Each structure stands twice: as structure tokens, then as C-alpha cells.
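Protein chains in written order, with numbering that gives the first Met the number 0: chain A, 0 to 689; chain C, 0 to 689.
Because the hints were derived from the structure by calculation, they are not lab data. Careful: at least some of the hints might be erroneous.
[Stated by the list, open to error] DSS-like, lysine-lysine: derived pairs with alpha carbons at most 27 Å apart:
hint: 1; chain 1: A; residue 1: 327; chain 2: C; residue 2: 424
hint: 2; chain 1: C; residue 1: 274; chain 2: A; residue 2: 305
hint: 3; chain 1: A; residue 1: 666; chain 2: C; residue 2: 333
hint: 4; chain 1: A; residue 1: 333; chain 2: C; residue 2: 666
hint: 5; chain 1: C; residue 1: 186; chain 2: A; residue 2: 424
hint: 6; chain 1: C; residue 1: 214; chain 2: A; residue 2: 666
hint: 7; chain 1: A; residue 1: 666; chain 2: C; residue 2: 186
hint: 8; chain 1: C; residue 1: 424; chain 2: C; residue 2: 214
hint: 9; chain 1: C; residue 1: 337; chain 2: A; residue 2: 333
hint: 10; chain 1: A; residue 1: 424; chain 2: A; residue 2: 546
hint: 11; chain 1: A; residue 1: 361; chain 2: A; residue 2: 134
Predicted model only: the values in this text are computed from it and were never measured.
There are 2 protein chains.
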Amino acid sequence: MSTQGELLAWVVRPPVQRTPTLAPPGVDSSQSRFNGIFSARVLRILVCKVSRIHTKIAPCFHRLLSLADELSEGFMSNDNDLMQLLADKATRLRIHSINSTTEAGSGHPTSCMSAADVVATLFFHVMRYDPQNAKHPNNDRFILSKGHAAPLLYAAWAEAGIVTPQQLLSLRRIDSDLEGHPTPRLKWVDVATGSLGQGLSAGVGMALNAQRLDKLDYRTYVLMGDGETAEGGVWEAAALAAYYKLDNLVGIVDVNRLGQSQATMYGADGEAYAKKFGGFGWHPIVIDGHNLEQIIAAFAEAQARKGQPTAIIALTKKGKGVSFLEDKEGWHGKPLRKGEEVEKALRELPLSGASRPVTIAKPSPTTHANTVRKPVAVPEYKIGEPVATREAYGTALTKVGAANPAVVAMDGDTKNSTFAEKFMKAYPDRFFEGFIAEQNLVGFSVGLSKCGKVPFASTFGDFFGRAMDHLRMGAISMANIKCVGSHCGVSIGEDGPSQMALEDLAMFRAMPNAVVLYPSDAVSTERLVALAVEHEGMVYIRTSRPKNPVLYPNEETFEIGGSKTLRSSPNDRLTVVSAGVTIAEAMKACDLLAKEGIAIRVLDAYSVKPIDAKGLLTAAAQTNGTLVVVEEHYFEGGLGDAVLNAVANNGVQVFKMAVQEIPRSGKPEELLERYGLSASRIVKRVKELV
Amino acid sequence: MSTQGELLAWVVRPPVQRTPTLAPPGVDSSQSRFNGIFSARVLRILVCKVSRIHTKIAPCFHRLLSLADELSEGFMSNDNDLMQLLADKATRLRIHSINSTTEAGSGHPTSCMSAADVVATLFFHVMRYDPQNAKHPNNDRFILSKGHAAPLLYAAWAEAGIVTPQQLLSLRRIDSDLEGHPTPRLKWVDVATGSLGQGLSAGVGMALNAQRLDKLDYRTYVLMGDGETAEGGVWEAAALAAYYKLDNLVGIVDVNRLGQSQATMYGADGEAYAKKFGGFGWHPIVIDGHNLEQIIAAFAEAQARKGQPTAIIALTKKGKGVSFLEDKEGWHGKPLRKGEEVEKALRELPLSGASRPVTIAKPSPTTHANTVRKPVAVPEYKIGEPVATREAYGTALTKVGAANPAVVAMDGDTKNSTFAEKFMKAYPDRFFEGFIAEQNLVGFSVGLSKCGKVPFASTFGDFFGRAMDHLRMGAISMANIKCVGSHCGVSIGEDGPSQMALEDLAMFRAMPNAVVLYPSDAVSTERLVALAVEHEGMVYIRTSRPKNPVLYPNEETFEIGGSKTLRSSPNDRLTVVSAGVTIAEAMKACDLLAKEGIAIRVLDAYSVKPIDAKGLLTAAAQTNGTLVVVEEHYFEGGLGDAVLNAVANNGVQVFKMAVQEIPRSGKPEELLERYGLSASRIVKRVKELV
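So that you can see chain A by itself, here it is in the shape it has in the complex:
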């Protein structure tokens, strides 16, 4: 809670720079007399509010109050103008939301209407942004986490002059980018939303960027639905936001009481939400989400709050403004019918008739961030030297970090296993501990990527499954994130199946446009990490726990979509395709078979997606059309399936060696043997086939 000192500081030094304005065009808003009235008004509400909580400031309460009244008195008529303007804006947002969803024949008008007053206040009074420049680095950020209220967002843009009112009526049409839920096909959308409970994580990333990396004064606002706060990802984000003291982050919960299929868990009990956010270290404020004064005061209070994020719990009514929709069940995701139904609703949404231009506060100018890049230091290994790819990842990450100031890293309390800690030690200011919370780990990486950073998020490969839906939304968000999963497969040994990534390739391969890399030695790891930085988009890099011999000379180069032939002869009877630690098994098998006069080729398929179809077909053509794929993954969805697809309809025989049951604890070599991935098992299989 605020201290007396903080409050006095607020009085003495009102945040002129940040106070939103209604100054006429051409008047510098920071010096406008309009600031006075709003600051004063807000101050009065704030003084009342804080005094209720802090008995210590009681003595100066009346003095503060009369100061506030004095400040505001002369400007009262202008204040009323503001209220009228915002009320009109909110009404216009409601009208747009109704009209566009009716025109579309689907959508969620009532979910828009509950949040219209909050959004009107944010877009036309609180936030600073340049409507001409969606990518201004110091624009305040707005994330519509309750993505089904997209028509409300589009309506706010229309009122800000970003889209035309006519465009709003193209909502949800196949030829329109105004989709049912926002996607970054629209340049004002940073992250796609619609899978609920993810916006706050993205917001954490953006707020971290402002606070720790770019040192900018933009603020981040995340509008959530009440129902979506049941998602655990919200609380992962909330905990981390409080841990990092993100006072530049505001979460707004639109408590409209009604979920999709029934009332939410807490109905209209705002205190229940306040207790949760308070318990997670946030500053909660419960307000009437349709009272503009309270909304304005809450945002001001949030801005004044230092050292912790603020949650504004806005008590609202779904369908607010139209009597037959307001707080009624059965109207979720339901547009109004054209004709009488819409007309009846619109009659209940009158505008004041007064028309005044609104001036949106501009973002502060920014200094140019350091983007000077240097070449990535080359690998420094000796052929045959035993190095785990996970350890090489730590080295690689530090090298790309040295070369590119945009590279940042985060980990889920596994940094001593993934070796992300090497980066942390070298660049502590660019490392973020995400703790054991993988949804948020991916979510705030997505947010950072939307601020021009190149985030490398690491944890055990299987724990990325925790974030599958965040990854899916990250893909739709066209996020430039790199995920690095260690501890793949049975070769992790004694820890057992709960720690073994055996389905991670299936997951990442199914992510649209994702690149999936799977290095087999330290040199390729370093090279692939460097390639991942240069590739714009989602990349997954799969690393292994055991130490494996270095296979490649330091100067070897790699490419996304490539492969390497590690062993070959003119007499190869078939090709073993593999990656990771099983490459070493394949090479051992090759040596053992050679002693028996059976030559085989070994192909390192380090790029699982895109896979080197041409290389595979060439190898197959030269080795009796036969490929044996060996992988530490379940049978479904891994490298084997990538190979099957690559060579389909070319007459190539593909035999898969993969894990076909739930493994157990044991020594790595015992498990490779038991689950059919060891050199001896490869030898056996090859002999069956040749």
C-alpha cells in the first residue's frame, strides 16, 4: 500500500508528463491547463481512497483534500466535458460492437459492452500512443487478453482513426484482417489472443522490456475477462510480475460475472479477485467498471503505485447499456439480429450530440537502442572431445549474446541443467529467471520478442508440453522465440519417464512455421544456435544430457533444412538416419557392421523441420532405397515421421526405431539397449534388413 511519503510526492509532483489530455490540437499537452483539472480530480479520489486505508495520513487528510478541491474547482466544467466525451466514446464503442457483430452474424457483443467504459478511458484518456505509428517503441501497450472482445478493440481503433467505421463492418469476413479474435495480421496487434489466460504473460514480457532492457517509460495494459483468471497461466504471470516489481504493468479484470456456459467461479464478488491478486503481491483496486471517475482514478492510482503491478478489478455488467442484454444469461457469443432487435438496442445507446476532437497523448521520444552486432565467435572444440549438446548450448548462447544485444534468455529453474546459467553469468541483465512456470516462460518470451528481442527460453524438453497452447498462440502471433529443450529421450537415465522428452518433436513439428533442430554434437549445436538467431520465427532446439564425442570440425557450416553425411562408402547397404545421442550409437553400429563386411551410411538429420528431403532421397537412392530412422522419441510424430513424409511416394523403404512403450529408470546405456536404440540393437535391425 502507498506510504504517506509516496502520496505527498504525488501531490507535490503530479505526473504531468503522463497525464492524458484533451488539449486542443496544437497545444502542447504537457503544459496544458487541462492537465490540472484531471490531476486534481484524480488526486481527490486518490486522497479519499488512500486515507481510508492509511490512518497515519489522517492528520493531513483535510489539507490534501482542500488542495485537491481548490485545484479542480475552476476546471469543473472542463472535467464534465471529459466525462461526456468518454461516455460518448464508450457508447460509440458499444454501437460499433453491436453493428459489426450483427453484420458478421457471429461474435461477442455483450463481452464488448461490459468493457467499453474501461477501453474508452484507456484509449482516449490514459494511454499514450501514436495512431500513425503502430510500432513506435514507446507506445503504451494494450493487450486484449479476452480476445473474443475483438470488435471492441477494432471499434477503439476506429475512434482513434486507425481503421474506418466502414472497415469495422468487414468483421470476421474471409477477406478482412478484422478476424474473430485479434491476430498480428493487424499491425496494432502484438500478440494473438483468443485462447484465454495468455495476455498477462505477454504483458509481463513487454513490461520487463521497458523496465529492464530498453529502459522506456511506456506502460503495458492487459484487459482480461473474469472467467479467464481461472487459467493457471494468469497466476504464473502474476507471480513473476510481482517478483520483478513491474509497476509499469496494469492488469484489468472485466468482472462481468457471466462466463460462456454459466456464471464464473466468483460471480460479481470483486473482493475475491482482489484477494487473489493481493495474495500474489499485486496492488488490487476494485471499482465500478462503468463509473468513469472511478476508472480514471484507478489508472492514476496504478501509475502512482511504485514497486508492484496493479490489478484493476472492474465490476461490470455484460451487455451494459442495453436493458435486454444487461447481465442476462444466454447472450454469450451471440450477435443481435438485424432489424428490430438491433434497432431496439441502439435506441438505448444515445450520444450526447456534443462533438469534440480527442487528442491522444503521444509517446515520449526514445533514444536509439544499441543494435550493433558483431560476428558470432566460432566453436572451439576438438574432434572426439566428449561434450553434451546441452552444455554446448550454454556456450553457444553466451556467444550469440556477445554478438547480438537483442538476445535475451530465460529459464524455468533448470538453468544449471540446460546450461542457460552460462549466459546468466555473462549477461545477468539480459537473463530472466522464470521459475517453474513454463506457460509464462513461453508467454513472456513471446512478449519480449514483440519488443524486438530474440528470446531463448529453456527448460527440459518435456516441460515445454506445459506451454503447448502458449506455443500454438505464439505461432499464430508470429513470435520470434527460440525454445531449447534439454533432457530428451531415455538417455537421461535414472530420473525416469516423467523427465524424458519423448513427444516434444511431435508437438513442435505440429506448430505452424516452426523450425525444429536437433544437434548431435557441440559444433553443430553452436552453429544451429547462431542460425536460430538469424531465423525470424519460432525455433525449437533439442539438446541431450549425456556427453557425446564432437563430430565436426569447428569450421563446419550448417543450414536450416540441411543434413550431414557422417559415414558413407560406395557399398552402403542402407542409410541410418538419426540425430542426438543416437548418432553416436549409429556410428558405433556402423563400425561393428563394417567388421562383418556390412557397410552402412549414417546421416545426421539435425534439421528435423524443415527436413532435408533432397539429402534423404539422395542417400536412399544410393543405399538400396532403404532408410532406418533411429530416435529417442515415441513412435509417433518425431524424426521418423518427418522422414516418412519427406520420402513419401518415392519408393523408399523407411524403418523406424523409436520408443514404443513408457520407459523406466535405469542407466542411460541400459535404457538405450532396452528400448531398442543402442548400437547393438541397430546392428541387429540392419542385419534383419540387408
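Given the coordinates of chain A, work out where chain C should sit on it, guided by the hints.
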């Protein structure tokens, strides 16, 4: 917090039945004088504790206290015996944990040592269970959510006579079921743990079963690590537990301060955890987790607490009991070295020398639950009638619910879209609203499945991605759960890509031993739901949003691993393999092509895993060895890959038609056309191929 009335009720009517005992063998524990001392002791602590909080009970505080003292005075020596016994048990658990991990050469001894006092108290004083009968329906349940402390759990079993001390030394060996993290290969383990933050959800399922379904008085205890409470899934479970007022559920957080790679988010700040659980509606109690009196009192307080679950925040030291391990960094997941290091540690863990047999309180007897089954009502549709498979699912679920009392259902606030609401209306007592929290939705389903229930969990197919890691652990847990995902593919229309399941088949196919079903009409939906009930294990059923014509007569039968030929002639040029709404497109294409004299076969591959390899090969053999797979899924990991695998190395050509980019909003038919899945696109592709 407790009210005065509750406290007095506790004094007047001590919970004799539940008080754990140390009565000598043969003495009925419920009448034993030993109950008196512990009740009195506990009462004293409780009185002190509650009085601190509730000033209202101050007037009777001293009266209550002297009553407690009076009660306990005469039994003090026996009380000391209990403390000594539990202290010895805790020491033995620490010794076992050290010895077994040292013998294994890996593991987490220090994470065991912090929780040894809590576990000793639980297993030998608080919990009621039959060591001879792991599956007694009224055993108290214990879930080691911090699965890496497995050696501690196994040690407790050894002390309870369930395994031998010698077996403990087989820890983590490939020939031992005492794995690195607990799995249900051990009959005392209900759910596999090791992926952190999942145990509480399973506990919610078990507690719900006791409270709402089987009406049993067993209690459920979930031991969590402090680090794992960063996982959002914990808070999804916490919220639902409070919502359902699960006062038979106790969560214990072992706050040993140190995570894997650094201190946890809150270090040793127990109040931070108390605020979080308190904010989520739990009754939090912060204790010294090494003080047996406080531990005993906390469990008693939890038991007395009505209407809400209790969180015991146990402040502990990692490595407790051994000076060079205690509260030290660098000892996570690290066994002691054989020889001097172990010996030095063991010298610090002396036993009292006093030896007394411990009597574990038995569970109450249970009455036989209703397990009478009836035949499932047959489908009642007309061929050609338009019915969405999601709607048929609701009907099917209600029918299997009528036939089998073990069937229960839960949904993530989408029940009006998935049609689970039909079941809710018919069987409200067997339906659980899970709200928008899919990790917990799956997690508590797993818990319920371990109580003999057959849970059907439903939400949109893509949102199951939220629970991928819970599903993975569910598979390792051999959980008998059925997941039903609606809204697959682009045919959902205007809501856009965030709501379209396009990677769900890849995920579920990669789950070991999972069955994946994908019905194309209402009749097959009903039949497949009935088959899912009979199949022991994880089943995924994928349903569609649009209405499609009924294809099969009501008496048609189906099988897991089967397929159906919908169109065939002797002249078929190729076979189109599909499922879901694209089957209708395939049939339309068949008709269109027939007009041009091109005959094609249409195969309904309703069983995606296992897939009907024989059926596919037969179809291919009869249709020029050519299969065209059409599916509403991304290119990777879906039906197409299942088909590719099924026919691999048989000379069959497989051409996949799947979604190859991130789709957008639009009308269903427009999207099917745009993304290449419509009848006209199938016609075009077939013409290219024949």
C-alpha cells in the same frame, strides 16, 4: 478462519475416530487412552494458535488452556513417547533416503530430508490406511507431488512394512520398480509424479470422489515442493478445491527455500505462501516443518476445518539433520558419496534406541458402491439427418452415464459448445464444472479415474494443448480418462485460428498407449463413446462443430482400430481416407467425380490410433495403391501421418491434403475451400492423380 463455535465444538467432541494412535497391538485404538494425550496436546496448541487470531475468544482462552493442560498432564510421558517415536521415524526416513540415493548414485536426498518430519507424522500418526491393502477404497490418499523425493516415500513404505529395507537399495535400477520418480508400477502409487505442480489436481479429483461420489471419509494429502507452487496448475487446482469446499483435502508445501538452480521466488517467507493460498480461499497454517508438535497440531486443525481445504506451509531446511547439507546451496539432486561422506552424515542422525511397534490406524469400512451396469441405449437417428458430432457426443455421454454409474463428466466452461451440458442436466451429481482451467480439468480427471471412475473431460480440442504435460503424466499414470475435444479444424468458421484444433491429433497420437477416435457422424459418435467407456486407458475423441449428415444405420457397430468403407466400386481409381466433416466433402467429391466417370473409394478412418492398417492396405491394393488423406489438421502429426505409418514399405502412394498455413476467420465452407479440404479441392487433387 475458525470461529469460536467451531473451536468449542472441537473441544466438546474431539475427533476420536480420526485421532491417530500408538496403541499397542490388539488394543482398539478408538478407545485407547493414548487418544486423550494427543487430543489434549493438540488442543493446547490449537487453542494458543486460534486465540492469537481471534480476539473474540480471548475471554475463554485461559479456561480452554487449563482444560487442555489438565487433559494432557497425566499423559505427558506417553506424549513424549510419541514424539520420540516420530522423531526416530523421521530420522530413519532420512537415513533410508541417504543410503538409497548413495547406492543409486543419483537422486535427491536433501529434498527428502526437508520433508521427513511431515511424512513421518503423516504415515505414522495422521493417516489411516491398510498397509496390506493398497487399494482399500477408504485408505487416506497421499500424493507426493514433489516426486523427486521418491526415496522418502519408499522409505516410509519400508517403515510401514510395505517394502523391505533391502528393496530400498534397488532404487533407480532398471530391474526395480522403485523408480527415480514414483510411477503406478508400484501399487501404492496412484498417479505418477515428477513433472511438478500436478499432484494437487489429482488430489482434487480424489477429494471430490470422497465428498461427492463415493461419500467416503478418507482424506487426501498432497505434499508439494515450494518451487513447484510457481506452476499455474497448482492454482487452478487450488481455486477449484476452494470452490467445491474440499475440507477433506490438505496441501502441504515443503518450504525448504532452495529450488534446483537457485532460491525459490519467496525463499523462506512462509507468509507469502499463506497469502497466496488464503487469497485462493484456503485455510493456511504456517508451521515449523521440523517441529513435530506443530506438525501434529496443523493436521488436527486441518481436520477440524470445515468448508474449505487447508494448506500447511511447513518451513523446513533442505538437507535437515546433517550439518553440511542443511540449507546449503549446491546439494539439489546430489547423492552423498559412499564412504566417509555418507558415514559423516549418518553420524549426525542418531536414533533414540527406544523401539516400539507402531500401529497404523485402519481406514473405516465402506459399503459397496453401486456398480450395476446396464446396456447402453442404441442410437436413434435417421440416415442423412444433419447432426453435429459434438451434439451427438452430448447424447452419447448421457446414454453411457445411464448405463454405467462410474461415468462422470467435467468441462472447462464450454459445456454448451461441447454439449457436455446434456450430461450435466441428466446427472448433475456426476458432473463437475472445471471452469477455464484445462490443466486442472485433466488433472482432477486423472485423480477421479484412480478412484474407479470413468471421467469424460471436454473442452475445445485445441485447449487440451494447455494440458499436454498433464496428459503425458496421465499416460505414465495409466489413467483411465476420456478426453473429448470439440471445434476441430477450420470448419468452426469465423472464430478464427485461436479456436481451431489443428494439432490435437499430433499431441494425442504421441501420448503412449492413447486411443484416438474421430467420428464422422452421430451414430459412430455414440458407438465410439460407448467403446471408450469399455477401453481401459486414455482415449481422445475429436468432435466437429458443423452439422453433418448421419451416415450409418443405428445398428452399425464399430471397433477401436477399425474403419468403414463408405463408397466403393470395382473400378475405384484411388481411395480418399478421411474423418470428421471432411468425410462429407469426400463423399460429395465422389459424387462429382462419378459424373465424370471417375470412381473413387471413400474410407472413414474413425480410429486414428490404432489405425486400421489392414483396411488401408486392402483399400490401397484395390485402388491402384493410391491413398489421398484429407484432414482438418496441420500437415504434421495427424491422420495423414498415421496412414503413412500404417502403409509404409508396402508400395502405397499416400497424398496428404491438410492445412499448411495458419488459417483465418471466414465461413466454414469458404475456409474448407481456401485451405484445400473442400469437395472441389478433392476433385481437383484426384484429377491430378488419376
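Against the structure, the hints:
1. A:327 with C:424: 20 Å, holds
2. C:274 with A:305: 20 Å, holds
3. A:666 with C:333: 16 Å, holds
4. A:333 with C:666: Distance ~16 Å between residue 333 (chain A) and residue 666 (chain C) Cα, so the pair holds.
5. C:186 with A:424: 45 Å, violated
6. C:214 with A:666: Violated. Residue 214 (chain C) to residue 666 (chain A) sits at ~44 Å, over the 27 Å cutoff.
7. A:666 with C:186: Measuring from Cα to Cα gives roughly 23 Å; hence the hint holds.
8. C:424 with C:214: Measuring from Cα to Cα gives roughly 21 Å; hence the hint holds.
9. C:337 with A:333: 69 Å, violated
10. A:424 with A:546: Within the cut-off at roughly 22 Å; holds.
11. A:361 with A:134: 13 Å, holds
Against the hints set out earlier in the document, violations occur for numbers 5, 6, 9.
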